[in-house]
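Residue numbers (my numbering), protein chains in the order written: chain A, 1 to 472; chain B, 473 to 806; chain C, 807 to 1076.
Some clues are possibly wrong.
Computed cross-link-like contacts, DSS-like style, restricted to lysine-lysine with a CA-CA straight-line distance of at most 27 Å [stated by the list, open to error]: (1) B:LYS685 x B:LYS652; (2) A:LYS131 x B:LYS763; (3) B:LYS656 x B:LYS581; (4) B:LYS763 x A:LYS83; (5) B:LYS656 x B:LYS666; (6) B:LYS652 x B:LYS666.
To be clear, the hints were calculated from the coordinates, so they are not data collected in a lab. Just so you know, these numbers come straight off a predicted model, no measurement behind them.
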Amino acid sequence: MPLTTRRVLRTVESRTGGASPLARALRYVFPDHWTFLFGEIAMYTFLILVATGTYLALFFEPSTAHVVYHGAYAPLRGTEMTKAYASAVNLSFEVQAGLLIRQVHHWAADVFLAAITVHLMRIFFTGAFRKPRDINYYVGLTMLVLAVIEGYVGYSLLDDLLSGMGLAIGNAVALSIPVVGGQLGTLLWGGRFPGAPDFFSRLFFVHVFVFPILIGTLMAVHLALIATPHHTQFRGRGRTERNVVGTPMWPAYALRSLGLFFATAAVLFALGGLVQINPIWQWGPYEPYLGTNGAQPDWHLGWLIGALRLMPHFDLVIGNYTLIPNPFWGGVLFPGAVFGFLYLWPTIERRWTGDRRAHNLLDRPRDNPTRTAIGAAVFTLVATVFFAGAADRAFVQFGVPYEAQLWGYRALTVLAPIVVFFVTRWACRRLRDGGGHPARDSGAALVERPRESSGAAREPTVPAAFQDPGRG
Amino acid sequence: MRNLWRWLLAAIVLRKSKKTTVRREVELPASPRAETLTALLLFGAGLAGLAFVAIYAFDDANTQLLGASIAVALAFVAAALILAAAQVVPQETLEEPRPDFAGDVDGPKTGLSDGFSARQQRGVEEAALTLREGTDGVTRRRLLGAAGAAAGAGIGAAALAPLASLGPAVGDRLGASPWKAGVKLVEENGMPVKADDLAVGTFLTAFAQGADKEALATSLAVVRVRPEELELPADRADWAPEGILAFSKICTHAQCAISLFRYPLFQERSPGPALVCPCHYSTFNVLDGGKRIFGPAVRPLPQLPLRVEDGYLVAAGPLSGAVGASWGRVREED
Amino acid sequence: MAAAALLLAAFAITGWAHAAEAKDSAAVEGVDATVAAESTPAGGSPGAEEGRELFEVHCATCHGFDGEGTAGQAPPLTHAGEAASDFYLRTGRMPLGQVGDEPLRGEPRFDDAEIEALNRYVGSFGEGPGIPEVDPDKGSVSEGMRLFTDSCAGCHGIGAKGGVAIGGYAPPLGEATATEIGEAIRVGPYIMPRFSEATITPAQVNSIAAYVRLTQEPEDAGGFGIGHIGPVPEGLVAWLAALAAILLVARLIGERLGGSRADDEAEEPR
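Input sequences plus hints: build the corresponding full structure.
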């Protein structure tokens, strides 16, 4: 074995000079905390998306041409539909393992966005977005925006009743952008909704080529910007701002990470085979004059349907003309504000704490009560709006009147973030100063400590044996 | 799990860089059992993979078995890798220095302006000098700069221009409609709509004869109420012959098809007749000409004046307002 | 006492037999939903007697002794017809618990014989839709799906799992029988619209019933159907099953706060 390995390495070295970099890469140190794996989970689901998506793209026909269905699924026989929808039904019923791959792809998309969300929360609540990783934070946020749109475009390609209604709403939201909206909506769709004949092939190209290339490229940049300053780490014995302590890439970390990939794949393929997702043959094809009750977007757009339903009925009117139609508030302004907050946060925190240093040690959420409280409050706002979007299903399932729910959620969107802010900040302070858990140690005396400005780290005492001799 | 006294603590420096020491702790697991289990898992994964191929070849479209078999294979590989990572290969903890590009991790909060090391300073200076030297001897920098900007603007505009061909100029497109006086109403199968066919309380989707059914302005929601229930404004008094009303089927909020019609059997104890959109539940009163009574829509639902000709429903004029979602040029009062 | 019971039993049996006969002849004549079925002369035969008695005890307080209704409380039943009576009684929607309640499906208060007696009695008030003959096997599922999408999915949802109709509840159709579907289409109960035989023909009603039967046992080629209502349960599964499982694996293979694997005395820093 060693003989062959050496021969390969010598080949690599003589062509690229890469043996030394390879040696360094093999010993690259990964701090080990389990929450550092969230980003990897997202990356692995992305790889599965690309693999399954490639297969699907070989069978799917992104065509708006109408055909009459005569395939395997009897309840649709004789129904007129687009070739896009028909090819998706064929994929589900007539391509061997087609439905499996379709479902794995869709489950992977849902899990991809969920993984990015928990990853973003970990980054935010531990302060990992601070210098020198602020640029990388923007790269990650951009990938999230792209992923949200990519998911929407992906499930809209199938032209089923539910996603078709979603496209109509998307067009209305585009139209609602002040001044340019009318032209923007017309350009994107190639005319008035439902769009030009080439609309689906346009969507297809965006979904299969443009966005995956963008996301893939940003992902490579994201990884490079992690590797260069090395990964952050939590405080602990022997861990300082200047070192990194953990497991080297080879062999343990590589095996563990690969194991995580296979575990992710196993979960996704298990779901793809055993739990049905997006059974488009049960929805039927879309026409602009058809609708169904209870239509919902995929979960990652649930916050937008909630916003569109919660927003009270007003346009901004100048004279007799609509300047800002209603869908703008929920469909553009609300997500814009949330992402604006996320993009601006590193700058805001820098200004507010006055701390412009680089940070390689992470905060525990309790170490920065104000940041954690603000993050929790914004998350609560988004979550409240998100749950409001499912109020109609809650009505059908549990009988709570829909109109009452609307008013309840409207009040909650204002009150809940405020309450969460104060409670979170109090809890963090208790944890940080008292060293105990507020719920567990209720009644324990609150240790009074002088207020330190948030963000200033209390350096733990590092035993001399582990201290870095320091820079020369 | 681990035998402590097998632990090799290399307190002695293994590798010295110029500035910092690197510490390393290695534990060699010696677990033939774990190795056997790993091997078994991998064999199992192989078998499950072959099972997938067999099912693929012999069982027509059994998604559940296909998914289960490949999931088992993948899960076994995952378990094998994780087990190997924990109990078969050496467990190593390594400490090494990390680069400090900003040079200010230990400095004051405001960040050090002189945090860079000597080597870093040199690098920055060298790069800056090289860039600057590249323009030594160039005299008309400003002219060239302005010219470059002009070239960029022009070619940039040229690069973006073709985007304009993605779609037509919006113009009057969003206001186009096939409805005018005399256009017949037809059902989805193309048959004209007979007034007498419609029961009180009915709900029907209708289209303009000869028009593209998919065009937003073409589709209508036709409903029938008792004539004495009507509360139409004076200028629409004759728009609803025999209590038959027609409205655009496309919601003025976000363009979903309005496919709910609520018609109470007992008016006095139920909400009144209304068209409701299933997307965000905008509700439009049909009795007063389509005004919004609930939900986020603002503009009323455009109404089509009807008349009955030879028993068939025919438009008596164009729709009362713009169809579909509002945008910059829609008048609010329609 | 025993004599009275025997008499009542005799009435009940003859009434039932009569009702069955009436139903058959109604089917043979071909029920026109906008025109009445045959009207049984009120108070003429033993079956009608039982119907009237039941009506007077359970229904007349709100609907009036001649089915004329009570303003602000209950609608008149003059044109309700046998279809409406059958629908409301068999699905347990009537009698209503409280005036003003939304009629919801529940346990029927009466047995078959009583319902049939009441049907005939209510049908005798005036012209109203008769009980339709609906045979899903004679219908086409694909045509039914198209019709259902056009006329029904807006309230009941494409999967017939129920929906919101602002001001009311469009129920799921999981328990709906073919006859109930036909009746509802003609009657337009509560806030549901109403469809004449010209708008939805009896053959089309058969097809709609065939489609609704399909929704009661859909084709779940993809596995467990998680409720057949789309992205809401799918999102729940993605978070609470998939992501949770993967995070569990991550927690298994990663470290927790308190030190590296080499650190024996793993402690939280103060």
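Hint consistency between LYS685 of chain B and LYS652 of chain B [alpha-carbon to alpha-carbon, up to 27 Å]: Holds, at roughly 16 Å.
Agreement of LYS652 of chain B and LYS666 of chain B with the hint, judged by alpha carbon distance not exceeding 27 Å: Holds, because 19 Å separates the two Cα atoms, which is no more than 27 Å.
Restraint status (C-alpha distance of LYS656 of chain B to LYS581 of chain B at most 27 Å): Roughly 77 Å between the alpha carbons, so the hint for LYS656 of chain B and LYS581 of chain B is violated.
LYS656 of chain B paired with LYS666 of chain B [C-alpha distance capped at 27 Å]: holds (10 Å)
Distance restraint between LYS131 of chain A and LYS763 of chain B, which requires alpha-carbon spacing of 27 Å or less: Since the Cα atoms of LYS131 of chain A and LYS763 of chain B sit roughly 55 Å apart, the hinted pair is violated (cutoff 27 Å).
Proposed proximity, LYS83 of chain A with LYS763 of chain B (alpha carbon, max 27 Å): violated (38 Å)
Hints 2, 3, 4 from the earlier list are contradicted by this structure; the remaining hints agree with it.
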